[in-house]
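**Student:** Construct all of the structure, not just a fragment, from the sequences and the given hints.
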Amino acid sequence: MVRILLRFPEKIVDQPIIAETILKHGIPLNIIAAHVDFHGGQVLAEVPSQDIEKVVSAFRERGVIVTIPKLIEVDKEKCIHCGSCFSLCPTGAITINEDFSVNFDKEKCVGSSCGLCVDACPVRAITLTREPNLLVQNSENKKSV
Amino acid sequence: MFRRKQMLGKDTRTVAEINEKIKKGDVQVLTAEEMKKLVEKSGVEVAYKEVDVVTTGTFGAMCSSGAVINLGHSDPPIKIQNAWINDVPVCHPGAAVDLYIGATQMSETRPFEYGGGHVIEDLISGKEVEVRATAYGTDCYPRTKLRTIITKDDLNQFYLLNFRNCYQRYVCATNSRDETIYTYMGKLLPRFGNATFSGAGALNPLMNDPDYETIGIGTRIFLGGTQGYVIGEGTQHDPKNLSGTLMVRGDCKNMNTRFIKGAAFTKYGTTLYVGIGIPIPLLNIGLAKKTAIRDEDIHIPIVDYGVPARNRPKLGTVSYKELKSGSIIINGKKVKVSPLSSLKAAEEIAETLKAWIKEGLFYLSAPVERLPRDTEYKPMKQSEETVLVKSVAHQAVTCREDEKIEEVAKQIIRYSVNHVVVVDELGKLRGIVTSWDITKAVAEGKEKLADIVTRKVVTTQMDEPLEAASRKMSQHQISALPVIDHNRKVLGIITSEDIAKLLGRQQNG
Chain A
1 MVRILLRFPE KIVDQPIIAE TILKHGIPLN IIAAHVDFHG GQVLAEVPSQ
51 DIEKVVSAFR ERGVIVTIPK LIEVDKEKCI HCGSCFSLCP TGAITINEDF
101 SVNFDKEKCV GSSCGLCVDA CPVRAITLTR EPNLLVQNSE NKKSV
Chain B
1 MFRRKQMLGK DTRTVAEINE KIKKGDVQVL TAEEMKKLVE KSGVEVAYKE
51 VDVVTTGTFG AMCSSGAVIN LGHSDPPIKI QNAWINDVPV CHPGAAVDLY
101 IGATQMSETR PFEYGGGHVI EDLISGKEVE VRATAYGTDC YPRTKLRTII
151 TKDDLNQFYL LNFRNCYQRY VCATNSRDET IYTYMGKLLP RFGNATFSGA
201 GALNPLMNDP DYETIGIGTR IFLGGTQGYV IGEGTQHDPK NLSGTLMVRG
251 DCKNMNTRFI KGAAFTKYGT TLYVGIGIPI PLLNIGLAKK TAIRDEDIHI
301 PIVDYGVPAR NRPKLGTVSY KELKSGSIII NGKKVKVSPL SSLKAAEEIA
351 ETLKAWIKEG LFYLSAPVER LPRDTEYKPM KQSEETVLVK SVAHQAVTCR
401 EDEKIEEVAK QIIRYSVNHV VVVDELGKLR GIVTSWDITK AVAEGKEKLA
451 DIVTRKVVTT QMDEPLEAAS RKMSQHQISA LPVIDHNRKV LGIITSEDIA
501 KLLGRQQNG
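Chains as they are written, first to last, in my numbering: chain A, 1 to 145; chain B, 1 to 509.
Honestly, the hints are just simulated from the structure, not real lab data.
Treat the hints with care, since some could be wrong.
Stated by the list, open to error - The following residues of chain B were derived to be distant from chain A, with all beta-carbon distances above 10 angstroms: (1) Asp-87; (2) Tyr-377; (3) Val-417.
As the list claims (entries may be wrong) - In silico lysine-lysine, PhoX-like type, Cα no more than 25 angstroms apart, as pairs: (4) Lys-324(B) with Lys-76(A); (5) Lys-78(A) with Lys-267(B); (6) Lys-78(A) with Lys-152(B); (7) Lys-336(B) with Lys-108(A); (8) Lys-321(B) with Lys-290(B); (9) Lys-253(B) with Lys-78(A); (10) Lys-333(B) with Lys-108(A).
Here the structure is a predicted model, which means the values were calculated and not measured.
C-beta atoms are modelled at their ideal positions from N, C-alpha and C, and glycine is treated no differently.
**Tutor:** Given below as structure tokens:
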């Protein structure tokens, strides 16, 4: 699965674009996080890797800004388990175990669409990386909604 | 009393007796964590009878740390005036080739990312570092320039010498501002979005011996993975406020980078994580009771770091038990809280020290002088008064949101200002409009004020130091700040012009 960030500008936010895309292409999308109001919307979704190019171009045709968020990478050798990152994580991807070791759950992380923890790590064990082997380019317009 | 004496054999122990037991291999050692459990289960008397030593630990960012090095003499010799290691300026406090690497000194080429703390870590790990130095040259020290690559093996002395470490307890930090701030207490999200704390709570060394019965000059300790010493109380030692500190020394050449680490706090600077563990010999039953202290018994204030003043507002108190649970309540809201010191490493340190003592690798030492218990921690004497916002604040030109742009433009001309503060019917802040916004609106044919108002306004308060307000303006690249009270009612405005005028007056006066 690959995570994609969909941004819906104000003028198209009232259209059922996600539903229509799923129906038209028969590709399942798993929505991880979403924030939509009448000014626009932002949806983080998971797409099967083999369908990524088809899905991205389908959304772009409808005027959706598509980016592939970078992923959070934790260098376990560097991590000193201080927990500085823990309170910054809005998705619960970072937890502290009973023995006070810090645990990172990649599944719950929304990557560079959040990224709050990256500059809080005092030993710089947290970095953002691109999904390897990905041919799809990010949209030009990177202005956040 | 007689019966208890019989039960315990004897009322007190000495360090020498404990060392004898270490030698024989039958010393009883528990970590502070284990001691608390034993006391809870079996009571203080049994615990005192069974346990000789309790080990403690902490591993946190300790900025007042550094290392002394001696390079040996070059040929021809140099009396170093300025020096850098890996581009980090290092201080030259004494004769020719002694240097002090301060943990918070930052690299001139990679500031905020690499600093003195990292140099110390790199040297300990055996890496090569580049030393550069300049000097004015004398008859006895003719050399004026130096560049050399060294490792720790090339140094005569390389020891950690920390002025203030191991705070007994510290505060919990949060942030009331509308923006994220970066502090030595870590990254603090806007509007009390998170909180941070430091210190190991009930595992902290000084917390387990709060009357400093066994800690003082000459106490042998775990320091950075090897044996080091307490050499006195640290700077800002504040015993009456349960905030004692330590000055420590240890041989860096034997340290382990697992327990001593360079660190960078974004937009604050670099520092050093230092691992310290202190063995508390249970010399009397009182010490057994003290080492049973629990996280729920240690309380610290929640402090608003959003207010850039020495006396930051306190928003309540919390215990280390609550802090270690992962969330606390601030203003009725549940807030996630981060430890900044590694509690995992703190436990590891206590465990390691316990193992050393049990294996006969570490003997206890009685202090030749205990840490003082009566010193005061005073604020700085400032011979020049701090200038506050109120000394330059003046009445703001205000308008309501439903006014026409044309009307606001007239106000700007009439009062000859650049900023008009938008308020509601109660005088509370709604936004701000600048003459530039008005010009742009006219150029773009906009008529409604509501379309051009900036609503996310950076503000100040009457009793904020002017320097802090001025920093806000330059950070946000703006030239005015509305002055508001706690209910967001607009009391006035300050502009960069006001500050420039004040500086001009000060310089001329």
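**Student:** Each hint: holds or not?
**Tutor:** Structure-based check of all given hints:
no. : hint                       : in the structure
1   : Asp-87                     : holds (18 angstroms)
2   : Tyr-377                    : holds (26 angstroms)
3   : Val-417                    : holds (32 angstroms)
4   : Lys-324(B) with Lys-76(A)  : holds (22 angstroms)
5   : Lys-78(A) with Lys-267(B)  : holds (21 angstroms)
6   : Lys-78(A) with Lys-152(B)  : holds (22 angstroms)
7   : Lys-336(B) with Lys-108(A) : holds (17 angstroms)
8   : Lys-321(B) with Lys-290(B) : holds (17 angstroms)
9   : Lys-253(B) with Lys-78(A)  : holds (21 angstroms)
10  : Lys-333(B) with Lys-108(A) : holds (24 angstroms)
When each numbered hint is compared with the structure, no violation occurs for any of them.
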